[in-house]
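For reference, the chains in residue letters:
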Amino acid sequence: MNEYLALSMILFTIGAVGVLVRRNAIIVFMCVELMLNATNLALVSFSRQHGNLDGQLAAFFVMVVAAAEVVVGLAIIVSIHRARRSVSVDDAHLLNL
Amino acid sequence: MTTFWIVAPLIVLASLGLLFARKAVHAALGLAVVMIGLAVLYAVQDAPFLFAVQIIVYTGAIMMLFLFVVMLVGVDSGVSLRETLSGQKVAAAVVGIGFGLLLVLGVAQLSLGPVTGLAEANQHGNVYGLAELMFGPFVLAFQFTAALLVTAVLGAMVLAHRERLTPRSSQAELAAQRLRDYAESGKHPGNPPTPGVFARHNAVDSPALLPDGSPAPGSVPDSLVDRGQVLDVTTDDVDDVHRQIGRRGEGEDEK
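So the sequence lines, in the order shown, correspond to chains R and E.
FYI, the numbering for the first sequence is 239 to 335, going by my numbering.
FYI, the numbering for the second sequence is 10 to 264, going by my numbering.
Note that these hints are calculated values from the structure, not bench results.
Be aware that a few hints might be false.
[Said to hold, decoys possible] Computed, partial: chain E to chain R, Cβ under 7 Å: (1) Leu27; (2) Leu47; (3) Val79; (4) Thr125; (5) Leu127; (6) Ala130.
[Unchecked claim] Away from chain R, derived, C-beta distances all over 12 Å, residues of chain E: (7) Ala37; (8) Thr175; (9) Pro176; (10) Gln186; (11) Gly222; (12) Pro226; (13) Asp241; (14) Val242.
Here the structure is a predicted model, which is why all the values come from computation and not from measurement.
Don't be surprised by glycine CBs; every beta carbon is placed ideally from N, CA and C.
All chains, please: the whole structure from these sequences, using the hints.
In structure tokens, the structure reads:
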């Protein structure tokens with residue numbers, strides 16, 4: 239049980255570091271997906287620990303939300319790329335003073 | 010448990026690819042490996058429904074979307090290596106490693122007691138048990154996800170839609186424009202030179218050569234130029250071509 243949680247923590251950390259370090263907006267987005275997947279693994283593991291299916295259902299809802307989020311996020315990336323010919327997160331700074 | 014120790018290192022390695030891959034496609038492949046590995050771990054942990062959903066939704070739908078966007082966007086998306094905030098990468102790495110150590114050490118000191126297991130909850134089958142929960146106590150959340158999905162579809166359509174602002178120019182107008190360009194700026198109205206003319210190869214990535222041996226601009230597709238995948242032209246190439254065709258040319262001259 240603990241090793242599943244440790245794996246989930248490691249994946250979450252890698253995802254968080256990726257969000258901080260990478261510049262390409264698509265890869266940043268993939269790192270967010272990795273963090274969501276890590277939490278899903280923890281939910282499924284806790285579901286087995288406690289012997290009821292609430293955790294698995296929560297993981298299922300996380301997947302649905304992640305799918306919706308990917309659709310909107312990628313549409314934003316495509317429209318930014320269309321306007322500025324770049325997907326670098328540093329280039330989207332028009333709101334910067 | 011054997012499955013875990015086989016799959017877990019693979020997952021961690023593939024997710025490190027997300028941090029270190031130079032190209033977005035390689036990162037996407039790493040993420041696909043991570044998702045399939047997690048699906049295996051779900052199957053091991055008595056969650057066959059989530060195993061199927063993970064494969065279908067994540068590796069099937071979401072990764073496909075990612076790859077489509079990488080193909081749409083990735084051609085000329087060179088991300089500069091200049092750091093906007095100096096020392097940000099090092100600071101992020103230090104904070105990240107500290108965060109990870111804190112989490113892993115915290116979990117390692119935890120003792121959760123014996124694992125209950127899902128044998129009782131899954132006695133009528135995993136899907137049956139999940140459906141009883143989803144359409145029982147969680148039915149409101151289920152309906153909200155329906156609203157969320159519809160909203161997401163509408164949002165994506167609004168964001169990705171583009172109005173045509175100017176009318177589409179007809180073939181006659183295009184031809185007139187080409188001749189006007191020729192009259193005003195001397196731009197050649199015909200086809201641009203095809204790749205490989207007078208060069209040593211006729212592949213699309215080898216530029217056509219002008220008589221003095223320099224590459225002809227416009228003979229290679231723009232996307233290849235953006236990606237930096239155009240073959241180099243060296244003076245040796247020109248000499249080689251001269252040697253191959255030069256002798257025959259001289260012979261004909263003498264005749």
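Given as non-interface: alanine 37 of chain E, which should sit over 12 Å from chain R by C-beta
About 7 Å separates alanine 37 of chain E from the closest Cβ of chain R, which leaves it inside 12 Å; violated.
Hold the hint about valine 79 of chain E up to the distance rule: shortest CB distance to chain R must be less than 7 Å.
holds, 6 Å
Nearest-CB test (12 Å) between chain R and valine 242 of chain E
holds, 27 Å
Taking C-beta pairs only, is threonine 175 of chain E more than 12 Å away from all of chain R?
holds, 16 Å
Are all C-beta atoms of chain R more than 12 Å from that of glycine 222 of chain E?
Non-interface label on glycine 222 of chain E holds, nearest chain R Cβ at 33 Å vs cutoff 12 Å.
Against chain R, does proline 176 of chain E hold up as non-interface, every C-beta pair farther apart than 12 Å?
holds, 20 Å
Given leucine 127 of chain E as an interface hint, is its Cβ closer than 7 Å to any Cβ of chain R?
holds, 6 Å
For the hint on leucine 47 of chain E, does the least C-beta distance to chain R fall short of 7 Å?
holds, 6 Å
Please settle this one: aspartate 241 of chain E was flagged as non-interface, so is its CB more than 12 Å from every CB on chain R?
Holds, because the least Cβ-Cβ distance between aspartate 241 of chain E and chain R comes to about 26 Å, which exceeds 12 Å.
Hey, is proline 226 of chain E genuinely clear of chain R, shortest beta carbon separation above 12 Å?
Non-interface label stands for proline 226 of chain E: nearest chain R Cβ at 20 Å, farther than 12 Å.
Grab the minimum beta-carbon distance between glutamine 186 of chain E and chain R and tell me whether it stays above 12 Å.
holds, 24 Å
Given hint leucine 27 of chain E near chain R, where the shortest CB pair must fall under 7 Å:
OK, holds: leucine 27 of chain E within 7 Å of chain R, min 5 Å.
Hint compliance for this structure: hint 7 is the single one not met.
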